[in-house]
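Protein chains: 2
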Amino acid sequence: MPYYIGDVIKSRRRLIARTPEEFRKSGIDVMLRTSVEGIDPAKGIVTLSTGRDLPYDVLVIATGADPVSPKIPGLDLEGVFHLHNLTDGLKLKSYLEKNKCRKAVIIGGGVIGMEMAEAFRNLQLDVKILDILPAPGANWGRELVQYVLEEIRKHQVEFLSGTVALSIEPGSECLLSVKTSRGEFDADIVLIAIGVKRNISLAESIGLNMGETGAIQVNFSQRTSLENIYAVGDCCEVFHRVSRRWTYLPLGDVANKQGRTAGKNIGGYPGIFPGVVGSRSVKLFGLEIAVTGLNEAEAVKSGFTPVSFFMWGVPVSHSLSKDEKLGLNMIADKSTGRLLGAQCVGVEGAVNRINSLAFALWNDMDLEEIGYMDLAYSPAFGGGWDPIHIAAQNLAKKL
Amino acid sequence: MPYYIGDVIKSRRRLIARTPEEFRKSGIDVMLRTSVEGIDPAKGIVTLSTGRDLPYDVLVIATGADPVSPKIPGLDLEGVFHLHNLTDGLKLKSYLEKNKCRKAVIIGGGVIGMEMAEAFRNLQLDVKILDILPAPGANWGRELVQYVLEEIRKHQVEFLSGTVALSIEPGSECLLSVKTSRGEFDADIVLIAIGVKRNISLAESIGLNMGETGAIQVNFSQRTSLENIYAVGDCCEVFHRVSRRWTYLPLGDVANKQGRTAGKNIGGYPGIFPGVVGSRSVKLFGLEIAVTGLNEAEAVKSGFTPVSFFMWGVPVSHSLSKDEKLGLNMIADKSTGRLLGAQCVGVEGAVNRINSLAFALWNDMDLEEIGYMDLAYSPAFGGGWDPIHIAAQNLAKKL
Chain A
616 MPYYIGDVIK
626 SRRRLIARTP
636 EEFRKSGIDV
646 MLRTSVEGID
656 PAKGIVTLST
666 GRDLPYDVLV
676 IATGADPVSP
686 KIPGLDLEGV
696 FHLHNLTDGL
706 KLKSYLEKNK
716 CRKAVIIGGG
726 VIGMEMAEAF
736 RNLQLDVKIL
746 DILPAPGANW
756 GRELVQYVLE
766 EIRKHQVEFL
776 SGTVALSIEP
786 GSECLLSVKT
796 SRGEFDADIV
806 LIAIGVKRNI
816 SLAESIGLNM
826 GETGAIQVNF
836 SQRTSLENIY
846 AVGDCCEVFH
856 RVSRRWTYLP
866 LGDVANKQGR
876 TAGKNIGGYP
886 GIFPGVVGSR
896 SVKLFGLEIA
906 VTGLNEAEAV
916 KSGFTPVSFF
926 MWGVPVSHSL
936 SKDEKLGLNM
946 IADKSTGRLL
956 GAQCVGVEGA
966 VNRINSLAFA
976 LWNDMDLEEI
986 GYMDLAYSPA
996 FGGGWDPIHI
1006 AAQNLAKKL
Chain B
616 MPYYIGDVIK
626 SRRRLIARTP
636 EEFRKSGIDV
646 MLRTSVEGID
656 PAKGIVTLST
666 GRDLPYDVLV
676 IATGADPVSP
686 KIPGLDLEGV
696 FHLHNLTDGL
706 KLKSYLEKNK
716 CRKAVIIGGG
726 VIGMEMAEAF
736 RNLQLDVKIL
746 DILPAPGANW
756 GRELVQYVLE
766 EIRKHQVEFL
776 SGTVALSIEP
786 GSECLLSVKT
796 SRGEFDADIV
806 LIAIGVKRNI
816 SLAESIGLNM
826 GETGAIQVNF
836 SQRTSLENIY
846 AVGDCCEVFH
856 RVSRRWTYLP
866 LGDVANKQGR
876 TAGKNIGGYP
886 GIFPGVVGSR
896 SVKLFGLEIA
906 VTGLNEAEAV
916 KSGFTPVSFF
926 MWGVPVSHSL
936 SKDEKLGLNM
946 IADKSTGRLL
956 GAQCVGVEGA
966 VNRINSLAFA
976 LWNDMDLEEI
986 GYMDLAYSPA
996 FGGGWDPIHI
1006 AAQNLAKKL
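Quick mapping for you: the protein sequence lines, in order, are chains A and B. Following our numbering, the numbering of the first sequence begins with 616 at its first residue and continues without gaps. Following our numbering, the numbering of the second sequence begins with 616 at its first residue and continues without gaps.
The following block holds chain A by itself, in its conformation from the complex (with noise of 0.2 Å):
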């Protein structure tokens, strides 16, 4: 029988009613909150909390990442989350609900810190995020950057960039404090979103291979060091179809593919994960964020020599254009003209954009192609030279 050991059960609409019994019926057996205290490969038995022993043919550690703490103090203060998991959000949510909230502090700003700003926004708190970079985004060029800081400070978030948290302390006007490099700010809540961990000591015990990345080392086939036990997800390497590297790239759609990879394997139909090219957007207030590939900071530890072409274009033709903006940087290698990655931020438009240049990415096409790529033209959605068309011809000037 096969097992499932884990935290939650995905909360996916069609998922939430099937309970560890339903799982049962159809042969599975799922254990939550349990953990695994230690695996012999040798026997094929992992050996859980409980002191019972499970035997394995094929193992597969999907340990996943945990959000990473700044080693400051008071992080074990009522009111400062984390947010990582469907528990971490029901506790969140519980907790705003319970409690008259007026201030939020964000620690990090990354994906997490931006969706709560706007989270937290929609609640009316007032909200400040802190980050220890010089802005969002901060390798995606200038102009897109201000762009995105525009959008954040029209929502009356503040992002108070190169700043460093110091403590979280019980506040006197406020359930907290929290003390930075550039002042204290008072909270009801505040949230650690800095980024995640791969959870890899499980399989670092049973000596497993690690990349040099420092997560699970895997083949095509999500295949560890040791030909019976695979890994899938956030605790694992990815291959990186741009740069060649097997990379890390902790994203849930990623998760998703490794996942259905070593199961096809394991049932019997061998198949490959055939990579990623580094695709991920993100909705911020009102705007649509979306890069793939690699930024030039990464082009370059790539040994590319990258040239970039930033335009201001729209979404729709200029005929039909309330002048919403659509920022797109392009990247392309100077020696190949071989697109190296994009990032695309507008009102509308850009994860189609990003989408699209995601197959160009996959497919290594050149400059010279994209700039005649055959798009769904019409009025309505675009130009006939759509902006991908018109960086592509650019950028390609400049090799």
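Honestly, the hints are just simulated from the structure, not real lab data. The reader is advised that the hints may include incorrect statements.
One copy or two, either will do: identical chains are not told apart, so a pair holds if it fits within one copy or between any two.
[To be verified] Pairs of lysine to aspartate or glutamate, DMTMM-like flavour, derived with a Cα cap of 25 Å:
#1 K879 - E983
#2 K940 - E963
#3 K879 - D981
#4 K940 - E758
#5 K879 - E984
#6 K715 - E733
#7 K715 - D801
#8 K937 - E963
#9 K1012 - E911
For this one, chain A is given, so just place chain B on it according to the hints.
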């Protein structure tokens, strides 16, 4: 000095202020409302209707296409319009402004017919579309056709399928009366939009090779069978990357790219126009309608053995969805698993999916890879498994 002989200067915002005089200052002699009576390719001379002879070293034929008229009486009556160029549009607009119109009949349910149905409804006209085909986009599969028809009806436009217009006559209650195979319909305005016909008489008169489609044969540099004569736009063929055949696809964005390619080659910068994959879109009231590649009938005609999969998805993640429907039909070749085409209709997100799949077609991707493609996932813009993934994986199972 380069000459431009044509009907109107493009109305695009940045160009509309440029008069023939201004073009002349930049060294281009623009002759509007001038026709060409003959070409002598041996001597390199174009003879104008004014009698003037223009010598040329290189000639570009961009004679486009003309609207097709049904062979019925009454086309010359007041209130009967084509919509082909800016002049037609201005005439139609002025007619609507000067006359109190209540009823419009559109003959032809293609893109122009649908866009004009929306425009007429915005002016509160009663609108009927007559089409000889059973439905708009009759080759897209039952579900999508039904979805489009529902949207048309929701906006009080009547779509009369399998209806042949027999004559247009002066009316009694309205200015006009359209007699059809399904009865008579009053109209204050009638729009003829049953398609276009390549304008190739000049090209034929000098013996240029025509392709199998009947349009001017060109190579990848847009050269015709005479080395110093190029052809671009709706008068010539274009290479279809999916069927691997030269085809006829009179679309504005394609014409733009062909023009640019010819211009580069004439200017001494060799370059090819790599062809199309058949991407198109149209906005119809609240719907995005987009297609790319071949439909099933075209796939069979091109020698493939098509299998298709249709699904209803949502354009955002299930957790954020308000049950906006996104219908996606995907077609692949049974023997190779190669994607052949797709059609998508939805309130939002349809063009996004089709642009992505256009890149997939451009690069000959198969369903295996498309099923694991790295899209810019976030809940606001799709699920971890996008309709693109789900359709590709399900279609792969049917191979």
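Going down the list of hints, with the structure as the test:
1. Taking identical chains as interchangeable, the C-alpha atoms of K879 and E983 lie at most 25 Å apart only when they sit on different chains, with a minimum of 13 Å there against 38 Å within one chain.
2. Taking the shortest Cα distances, K940 and E963 sit within 25 Å of each other both inside one copy (9 Å) and across copies (19 Å).
3. Taking the closest pair of Cα atoms, K879 and D981 come within 25 Å of each other only across two copies (18 Å); inside a single copy the shortest separation is 33 Å, beyond that limit.
4. In this assembly of identical chains, the alpha carbons of K940 and E758 lie at most 25 Å apart only when taken from the same copy (11 Å versus 35 Å across copies).
5. For a Cα distance limit of 25 Å, the shortest separation of K879 from E984 across copies, 15 Å, qualifies, whereas the shortest one inside one copy, 35 Å, does not.
6. In this assembly of identical chains, K715 and E733 lie within 25 Å of each other by CA distance solely inside one copy; the values are 18 Å within and 49 Å between copies.
7. Taking the closest pair of Cα atoms, K715 and D801 come within 25 Å of each other only inside a single copy of the chain (14 Å); across copies the shortest separation is 65 Å, beyond that limit.
8. Proximity of K937 and E963 under a CA criterion of 25 Å is satisfied in both settings, with 12 Å inside one chain copy and 19 Å between copies.
9. In the homo-oligomer, the alpha carbons of K1012 and E911 lie at most 25 Å apart inside one protomer (18 Å), although the nearest pairing across protomers, at 40 Å, exceeds that limit.
Hint violations for this structure: none, all hints satisfied.
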